[in-house]
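Sequences are here, hints too, so could you generate the full structure?
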Amino acid sequence: MGKWGKRIGYGIGDLGCNLVFSTMASYLMVFYTDVFGITAAAAGTMMLVTKFIDAFTDTGMGLIVDRTHTRWGQGRPYFLIGAVPFAVFTFMTFYIPNFGSTGKLVWAYVTYCLLCTAYTVVNIPLNTIVPRLTSDIHERDILVSTRMVCAMIGTAIVMSITEPLVRFFGQGNEARGYLVTMTVYGIAAMLIFFLTFASTKEVVPPTVSSHSSLKEDFKGLTGQAWILFLLNLFYFSLYVVRSTTVIYYFKYNLGRTEWLSLVGILGILSGLPMLLLLPALEKKFSKRNLMFFSTILYIAGDLLIYVGRSSAACLLIGLVITGLGIYGIFGITFAMQPDVIDYSEYKKNASVAGLIAAFQGFFVKGGMGLTSFIIGVFLKNGGYVANAEQTPKALSYIEICFIWIPIVLCILIAVLTYFYKLDSLRSEMTQELEARRKK
Numbered sequence: 288m289g290k291w292g293k294r295i296g297y298g299i300g301d302l303g304c305n306l307v308f309s310t311m312a313s314y315l316m317v318f319y320t321d322v323f324g325i326t327a328a329a330a331g332t333m334m335l336v337t338k339f340i341d342a343f344t345d346t347g348m349g350l351i352v353d354r355t356h357t358r359w360g361q362g363r364p365y366f367l368i369g370a371v372p373f374a375v376f377t378f379m380t381f382y383i384p385n386f387g388s389t390g391k392l393v394w395a396y397v398t399y400c401l402l403c404t405a406y407t408v409v410n411i412p413l414n415t416i417v418p419r420l421t422s423d424i425h426e427r428d429i430l431v432s433t434r435m436v437c438a439m440i441g442t443a444i445v446m447s448i449t450e451p452l453v454r455f456f457g458q459g460n461e462a463r464g465y466l467v468t469m470t471v472y473g474i475a476a477m478l479i480f481f482l483t484f485a486s487t488k489e490v491v492p493p494t495v496s497s498h499s500s501l502k503e504d505f506k507g508l509t510g511q512a513w514i515l516f517l518l519n520l521f522y523f524s525l526y527v528v529r530s531t532t533v534i535y536y537f538k539y540n541l542g543r544t545e546w547l548s549l550v551g552i553l554g555i556l557s558g559l560p561m562l563l564l565l566p567a568l569e570k571k572f573s574k575r576n577l578m579f580f581s582t583i584l585y586i587a588g589d590l591l592i593y594v595g596r597s598s599a600a601c602l603l604i605g606l607v608i609t610g611l612g613i614y615g616i617f618g619i620t621f622a623m624q625p626d627v628i629d630y631s632e633y634k635k636n637a638s639v640a641g642l643i644a645a646f647q648g649f650f651v652k653g654g655m656g657l658t659s660f661i662i663g664v665f666l667k668n669g670g671y672v673a674n675a676e677q678t679p680k681a682l683s684y685i686e687i688c689f690i691w692i693p694i695v696l697c698i699l700i701a702v703l704t705y706f707y708k709l710d711s712l713r714s715e716m717t718q719e720l721e722a723r724r725k726k
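Counting with our numbering, you get residues 288 to 726 for the letters of the sequence shown.
In case anyone wonders, no lab produced these hints; they're calculated from the structure. Just so you know, not all the hints are guaranteed correct.
Unchecked claim - Computed cross-link-like contacts, SDA-like style, restricted to lysine to any residue with a CA-CA straight-line distance of at most 20 Å:
hint	residue 1	residue 2
1	Lys-502	Gly-347
2	Lys-538	Thr-678
3	Lys-725	Lys-708
All values derive from a computational prediction rather than experimental measurement.
What follows is the structure, given as structure tokens:
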């Protein structure tokens, strides 16, 4: 299979993940409260509890991947192993049993946990496999960018066709509409994971083939790995703040409700060129400098929206600039991961790709969950009332959430990036690891 076959085969795996993950992020709460029939408090508590379960399953899956040695590689077999359960548990999560309220709540807990576990089984290997697919640094950057583009396409598909599909399949019955739609998504994801397995091949073995203990694995985590984990925490906090509060800001502060669809489209259209350009930019500039540039872009776009909020042109240009910035941060954060994995092998003689991916997932989910909670508390303290005319205090709190908290997060990302040092070590790491493999 040619280079582009491998690139698309790998990248499309995240499209499969996002068909279900993005739907859960956007629609699962309203499904549970309005269709499944459990209270918002019960659904919110369930999603918080499952984050703790996710922490254990992510870590466990990372350790399993690190200890897997098959003729298909370390991560690749799990695309096959997880594909069918992923489809089955997607169906079960959106199936409404004829139980009492307690029985339905138990069903929701069990099926949602099973779906999250199946997601972990396929997603952790997707995060770890890049250093095993090629040792060519530029090719790795292209693989990561292809994955990011495919993830964005998956999210765009979900945001644009889920509601129409629910209406089409349901014909007035939302329960049936959700079930059939999610079954389609689950089967599509399953077929995509089969394609990812068939299109990829692990050709770069780790330089370390044995693992002594969990304690030793933790010793393999470097300071650069912790920088990566915190970058994930701050980036996904930024993503949640922007995605959540943009609706409030445009609806209440600007009074431009009709722009909400345009805001989503602009975000995707502005992010796509950045992700496509990143591999070429990474050949000329260090990841560190590109991260600095992306944070500056986002801050500049945010300030333009604030200063020019009465001008449609300033708002549009500001949205495009912040889109370029946020997807630049997104792509570079993921492009750093293979370098961090190699650095553990180079510095600590430890193959801990799975553990690194597991901690990334933990910090991502932790950042998203914690940020959502903080936004809710912040809006409540500001006196926000849904679908009402907001007080000046509430409007100022919304503005702080949309404009100023993201700027603080961008500054934190830039400060962290200052301590990232793997760009200058990249050539040395590659030569050393290749020499070890030859031995």
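Quick rundown of the hints versus the structure:
1. The hinted pair formed by Lys-502 and Gly-347 meets the criterion: a straight-line CA distance of about 14 Å does not exceed 20 Å.
2. For a cut-off of 20 Å, the pair hint linking Lys-538 to Thr-678 stands: about 14 Å separates their Cα positions.
3. Proximity of Lys-725 to Lys-708 is assessed by CA-CA distance (about 26 Å); at most 20 Å being required, the pair is judged violated.
Hint check: a violation occurs at hint 3 only; the rest are consistent with the structure.
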